[in-house]
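2 protein chains.
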Amino acid sequence: MDVKILLNEKDIPKQWYNLAADLPNPVQPPLGPGGKPIGPEMLAPVFPMNIIEQEVSTQRWIDIPKEVLEILYQWRPAPLRRATRLEKYLKTPAKIFYKDESTSPPGSHKPNTAVPQAYYNKVAGIKKITTETGAGQWGSALAYACNQFGLECKVYMVRISFDQKPFRKIMMQVWGANCVASPSNQTNFGRKILKEMPNTPGSLGIAISEAIEEAVSDKAGETRYSLGSVLNHVMLHQTIIGLEAKKQLQMVGIKKPDIVIGCAGGGSNFAGLSFPFVQDKINGANIEIIPVEPKACPSMTRGEFAYDHGDTACMTPLLAMYTLGHAFMPEPIHAGGLRYHGMAPLVCQAIVEGLVKPRAYHQLKCYESAMIWAKTEGFICAPETSHAIAATIDEALKAKEEGKEKVILFSYSGHGLMDLSGYDAYLTGKLKDYELPDADLKKSTAILKDLPKPSTKKTGKW
Amino acid sequence: MDVKILLNEKDIPKQWYNLAADLPNPVQPPLGPGGKPIGPEMLAPVFPMNIIEQEVSTQRWIDIPKEVLEILYQWRPAPLRRATRLEKYLKTPAKIFYKDESTSPPGSHKPNTAVPQAYYNKVAGIKKITTETGAGQWGSALAYACNQFGLECKVYMVRISFDQKPFRKIMMQVWGANCVASPSNQTNFGRKILKEMPNTPGSLGIAISEAIEEAVSDKAGETRYSLGSVLNHVMLHQTIIGLEAKKQLQMVGIKKPDIVIGCAGGGSNFAGLSFPFVQDKINGANIEIIPVEPKACPSMTRGEFAYDHGDTACMTPLLAMYTLGHAFMPEPIHAGGLRYHGMAPLVCQAIVEGLVKPRAYHQLKCYESAMIWAKTEGFICAPETSHAIAATIDEALKAKEEGKEKVILFSYSGHGLMDLSGYDAYLTGKLKDYELPDADLKKSTAILKDLPKPSTKKTGKW
Numbered sequence: 000m001d002v003k004i005l006l007n008e009k010d011i012p013k014q015w016y017n018l019a020a021d022l023p024n025p026v027q028p029p030l031g032p033g034g035k036p037i038g039p040e041m042l043a044p045v046f047p048m049n050i051i052e053q054e055v056s057t058q059r060w061i062d063i064p065k066e067v068l069e070i071l072y073q074w075r076p077a078p079l080r081r082a083t084r085l086e087k088y089l090k091t092p093a094k095i096f097y098k099d100e101s102t103s104p105p106g107s108h109k110p111n112t113a114v115p116q117a118y119y120n121k122v123a124g125i126k127k128i129t130t131e132t133g134a135g136q137w138g139s140a141l142a143y144a145c146n147q148f149g150l151e152c153k154v155y156m157v158r159i160s161f162d163q164k165p166f167r168k169i170m171m172q173v174w175g176a177n178c179v180a181s182p183s184n185q186t187n188f189g190r191k192i193l194k195e196m197p198n199t200p201g202s203l204g205i206a207i208s209e210a211i212e213e214a215v216s217d218k219a220g221e222t223r224y225s226l227g228s229v230l231n232h233v234m235l236h237q238t239i240i241g242l243e244a245k246k247q248l249q250m251v252g253i254k255k256p257d258i259v260i261g262c263a264g265g266g267s268n269f270a271g272l273s274f275p276f277v278q279d280k281i282n283g284a285n286i287e288i289i290p291v292e293p294k295a296c297p298s299m300t301r302g303e304f305a306y307d308h309g310d311t312a313c314m315t316p317l318l319a320m321y322t323l324g325h326a327f328m329p330e331p332i333h334a335g336g337l338r339y340h341g342m343a344p345l346v347c348q349a350i351v352e353g354l355v356k357p358r359a360y361h362q363l364k365c366y367e368s369a370m371i372w373a374k375t376e377g378f379i380c381a382p383e384t385s386h387a388i389a390a391t392i393d394e395a396l397k398a399k400e401e402g403k404e405k406v407i408l409f410s411y412s413g414h415g416l417m418d419l420s421g422y423d424a425y426l427t428g429k430l431k432d433y434e435l436p437d438a439d440l441k442k443s444t445a446i447l448k449d450l451p452k453p454s455t456k457k458t459g460k461w
Numbered sequence: 000m001d002v003k004i005l006l007n008e009k010d011i012p013k014q015w016y017n018l019a020a021d022l023p024n025p026v027q028p029p030l031g032p033g034g035k036p037i038g039p040e041m042l043a044p045v046f047p048m049n050i051i052e053q054e055v056s057t058q059r060w061i062d063i064p065k066e067v068l069e070i071l072y073q074w075r076p077a078p079l080r081r082a083t084r085l086e087k088y089l090k091t092p093a094k095i096f097y098k099d100e101s102t103s104p105p106g107s108h109k110p111n112t113a114v115p116q117a118y119y120n121k122v123a124g125i126k127k128i129t130t131e132t133g134a135g136q137w138g139s140a141l142a143y144a145c146n147q148f149g150l151e152c153k154v155y156m157v158r159i160s161f162d163q164k165p166f167r168k169i170m171m172q173v174w175g176a177n178c179v180a181s182p183s184n185q186t187n188f189g190r191k192i193l194k195e196m197p198n199t200p201g202s203l204g205i206a207i208s209e210a211i212e213e214a215v216s217d218k219a220g221e222t223r224y225s226l227g228s229v230l231n232h233v234m235l236h237q238t239i240i241g242l243e244a245k246k247q248l249q250m251v252g253i254k255k256p257d258i259v260i261g262c263a264g265g266g267s268n269f270a271g272l273s274f275p276f277v278q279d280k281i282n283g284a285n286i287e288i289i290p291v292e293p294k295a296c297p298s299m300t301r302g303e304f305a306y307d308h309g310d311t312a313c314m315t316p317l318l319a320m321y322t323l324g325h326a327f328m329p330e331p332i333h334a335g336g337l338r339y340h341g342m343a344p345l346v347c348q349a350i351v352e353g354l355v356k357p358r359a360y361h362q363l364k365c366y367e368s369a370m371i372w373a374k375t376e377g378f379i380c381a382p383e384t385s386h387a388i389a390a391t392i393d394e395a396l397k398a399k400e401e402g403k404e405k406v407i408l409f410s411y412s413g414h415g416l417m418d419l420s421g422y423d424a425y426l427t428g429k430l431k432d433y434e435l436p437d438a439d440l441k442k443s444t445a446i447l448k449d450l451p452k453p454s455t456k457k458t459g460k461w
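Same order as they appear, the protein sequences are chains P and D.
Taking numbering that gives the first Met the number 0, I'd label the letters of the first sequence as residues 0 to 461.
Taking numbering that gives the first Met the number 0, I'd label the letters of the second sequence as residues 0 to 461.
Treat the hints loosely; a few may be bogus.
Because identical chains cannot be distinguished in the list, a pair is counted as satisfied if it fits within a single copy or across any two copies.
Said to hold, decoys possible - Cut-off 27 Å, straight-line C-alpha distance, at most; resulting in silico cross-link-like pairs (DSSO-like, lysine-lysine): (1) Lys-87 with Lys-65; (2) Lys-218 with Lys-194; (3) Lys-356 with Lys-456; (4) Lys-374 with Lys-9; (5) Lys-431 with Lys-164; (6) Lys-87 with Lys-126; (7) Lys-13 with Lys-374; (8) Lys-364 with Lys-191; (9) Lys-127 with Lys-87; (10) Lys-374 with Lys-126; (11) Lys-164 with Lys-429; (12) Lys-90 with Lys-9.
Hints are computed from structural coordinates only; laboratory data are not their basis.
So here's chain P without its partners, still in its complex pose:
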């Protein structure tokens, strides 16, 4: 068997899979002010209507526009790869496959949704898209996508990253985006914060607020905002990962994986790989599906299932999700993409149903796993991806104990070439593990007690 299982362009999936069509109990609707479900029209100043339609759709299969596919072909179908060297190192009977999302121009899975989002905005007559970015993965993906469609792109980048990690910013600039440090003096909210706290390092919450403010205050109505994870349409766009992987496993005679693993910050990489397999599980297949998060930011494993805001500044509607509370500030672990207080509502509903079983790891164990990976498979993974690798190694060793030839599939969400400082910190012994104290957790989730409560009804038998 080749270590790379390659799909031709003509075999790329032509439709995305929408898990909302198959969940035993539907995802609970977002709530607006006063706890009332919000209608699509309330989101119209923020997102174009074609994206809002996808956000609320319960149609099972949604066509991928030809114009989107033509850009995805630049790196898709992405390779499915067999980690034979890791298998040998672990002496495991398990077969380890990984879906390699590191081959896109920005180096992660993020453009899978950035490209369709840019496309739908373009079709809706929008001229400019605003967004926020932390370490820069999402900002660079949207910059790339906007450039392909000739749209303006404005990225509010958390100031501390803007100053300390200049390389992602340069990538955005190469693709023609305007990347500014947040808080900036370009929005009312940014100016207010700068006045109150001139030396603030910024935060994702502040950056989101600035990006939304710029979008909704464009008098010409030609600017919209874009989000890189959490929302239903983002999960939808990412399902191309799992749909491709399913075809590729079939190419080598594997009907189904036994275990599916992905790292989860906002949830889009995990959802992208796993949702097509969650569908199979709903239909009776026996598959263990594991989203992996850091112990320093344990929304799924220790958070509450509650209605909460998606951002720190409470500008977004309330979403039904596992959350640590919207004011939660995680410790500065290196997996920046996993430092989010909440989790995608679709992923959370799958957890409520028992369809997926989350797990949390400490970052030292994750870096150890990343080092084993680099020394066996040769590639250097992103710190987020190392969480999926840590779980994969654990499952492969368990298969060895049990003497079972399990098929493990995980998502290789991105390469770590822009994140080498984390490896340096690990190699020089500067990294620490952070276990969130119970008292801190209690404090950060106290914010939820006056908000509406979502139903935890579960009908499945998983």
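Mind docking chain D on chain P? Use the hints.
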């Protein structure tokens, strides 16, 4: 036609192509002290004998060991890609194909030779390999390869890069290599330099001297030195690039390219893509073959064809090559891999014969080309690669003028994700072009006048 033309593992070339078998006049032998041709045994303290045998071989096809192929499979066969978006942007009738060498773990073509070199050293019972590196492309490739075979790797990295570009160094450390700043206090030569010039930024010449000194002074005889370009065996190992590309063009019905382009510093990337096509040209095919170098370091276009040392400190034998003189110090352009005073003897002999026609570009034009590339094809290329892209764009525009549907093939030697500071310098207007003044050229080549002269005999009709 798919934009990616993919080859299965089973179709990977099983032999390397050795141009030395087909050149009308042979490459002229390296000369030792006193101007006498040196025998293989004189190189034995530096390289293992199996590599020396390849270095002097005139056998046309040389088997690639199974153990080498098994590691190359991690990223090879590499994709051949069609640059349809660039074609459209240029409105050219030319078909532009590029062989994508950016998909290896270190991100360039360098491991194509690092892996076999590590293998042959391992087979010869060597325990440790030393080398030098400038910006770190080669050092990281050798670190990766040594790690795969369980060999120790020691990299002398030019101090200014060691201090200013820490990321390649971290890559090497992830793969278990010992990377030290050169000059170091670990060799006699390094200590001497440090005493004389404690604040020196270092140079490739010094680093080579340190690496060779460590190799030859290992009393146990278990250490050897490795070079990442210039020598015949390195060109040989890189021909897998062109051999794969040839098969891939045939897969889409193209019998031969009209134009083949590669950037050339020491020559290995250019040779790797082009030598299989140079063979076709020797056998009568009409192909234009173009190595591209920077105007700031114009060894092929303005240097002399002469016997010269491969290093600044005159530790290597004399090689027959186009050279600017071994003491030449190029201006600090961003394409660090193209800042070499000489050129691979095999490439130079092909120039003498008229088989390949070198060309030089200024760096601003190259960065302009890299920006066009990033905005059309989406990927961010290495500064070295941008030289090949600049020539490709020129040739595609010429084909447009002529109204000819030419097939252009170029080598995409590596990605630029570790080189974003060069893009930043370009975007902020800080980059300059350097034209080497005639007087400086005359001064730097004066060093050659007392050295033996190689023959410039030419029998071909190209």
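Now the hints, each set against the structure:
1. For the homomeric pair Lys-87 and Lys-65, the shortest alpha-carbon distance between copies (18 Å) is at most 27 Å, but the shortest distance inside one copy (41 Å) is not.
2. With identical chains, the CA atoms of Lys-218 and Lys-194 are at most 27 Å apart within one copy only, with a shortest distance of 26 Å there and 67 Å across copies.
3. Taking the shortest Cα distances, Lys-356 and Lys-456 sit within 27 Å of each other inside one copy (17 Å), while across copies they are farther apart (73 Å).
4. In the homo-oligomer, the alpha carbons of Lys-374 and Lys-9 lie at most 27 Å apart only across protomers (25 Å), although the nearest pairing inside one protomer, at 35 Å, exceeds that limit.
5. For the homomeric pair Lys-431 and Lys-164, the shortest alpha-carbon distances inside one copy (20 Å) and between copies (25 Å) are both at most 27 Å.
6. Taking the shortest Cα distances, Lys-87 and Lys-126 sit within 27 Å of each other only across copies (23 Å), while inside one copy they are farther apart (52 Å).
7. Within a single copy, Lys-13 and Lys-374 get their C-alpha atoms only as close as 37 Å, which misses the 27 Å cut-off; across copies the closest is 26 Å, which meets it.
8. When the C-alpha separation of Lys-364 and Lys-191 is checked against a cutoff of 27 Å, the pair qualifies neither within a copy, at 41 Å, nor between copies, at 44 Å.
9. Proximity of Lys-127 and Lys-87 under a CA criterion of 27 Å is satisfied inter-copy only: 24 Å between copies versus 50 Å inside one chain copy.
10. In this assembly of identical chains, Lys-374 and Lys-126 lie within 27 Å of each other by CA distance solely across copies; the values are 18 Å between and 46 Å within a copy.
11. Taking the shortest alpha-carbon separations for Lys-164 and Lys-429, both the intra-copy value of 18 Å and the inter-copy value of 20 Å come in at or below 27 Å.
12. For the identical chains of this complex, Lys-90 and Lys-9 are inter-copy neighbours only, at 26 Å across copies versus 37 Å inside a copy, given an alpha-carbon limit of 27 Å.
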